[in-house]
Amino acid sequence: MERKHAISMVTMARHAWQHGFVITADVYMRQALAIANRLQDSRSKALIFTIRNKMRPHVQAAQNPSPAA
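0 is the number of the first residue of the sequence shown in numbering that gives the first Met the number 0; add one for each residue after it.
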């Protein structure tokens, strides 16, 4: 059940990401990571961490937008 819940969180994060809601996607990914930390399946856990790490620079850019030139 936990694995399915983590997958649904990643799916919701992906949907938010595709529609430009970077901060919302980050929140969903954090929830997925919290679930992943409880999983015994290291492969699923590693996949969620990989996705989160790829998102990280975009999330930081969205949280700290540069001033318009």
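Because the hints were derived from the structure by calculation, they are not lab data. These figures come from a predicted structure and were not determined experimentally. Where a beta carbon is used, it is the ideal one built from N, C-alpha and C, also for glycine. Just so you know, not all the hints are guaranteed correct.
Label pairs and their in silico Cβ distance ranges [as the list claims (entries may be wrong)]:
id, residue 1, residue 2, range
1, His57, His4, 34 to 42 Å
2, His4, Ser65, 31 to 39 Å
3, Ala45, His18, 40 to 48 Å
4, Thr10, Asn36, 32 to 40 Å
5, Thr10, Asn52, 15 to 23 Å
6, Arg37, His57, 24 to 32 Å
7, Lys53, Lys3, 34 to 42 Å
8, Leu38, Pro66, 36 to 44 Å
9, Gln39, Gln17, 29 to 37 Å
10, Ile6, Pro66, 35 to 43 Å
11, Ile6, Asn63, 26 to 34 Å
Okay, the hints, checked on the actual structure:
no.	hint	verdict
1	His57 to His4: 34 to 42 Å	violated, 24 Å
2	His4 to Ser65: 31 to 39 Å	holds, 36 Å
3	Ala45 to His18: 40 to 48 Å	violated, 27 Å
4	Thr10 to Asn36: 32 to 40 Å	violated, 19 Å
5	Thr10 to Asn52: 15 to 23 Å	holds, 18 Å
6	Arg37 to His57: 24 to 32 Å	holds, 26 Å
7	Lys53 to Lys3: 34 to 42 Å	violated, 22 Å
8	Leu38 to Pro66: 36 to 44 Å	holds, 41 Å
9	Gln39 to Gln17: 29 to 37 Å	holds, 30 Å
10	Ile6 to Pro66: 35 to 43 Å	holds, 39 Å
11	Ile6 to Asn63: 26 to 34 Å	holds, 30 Å
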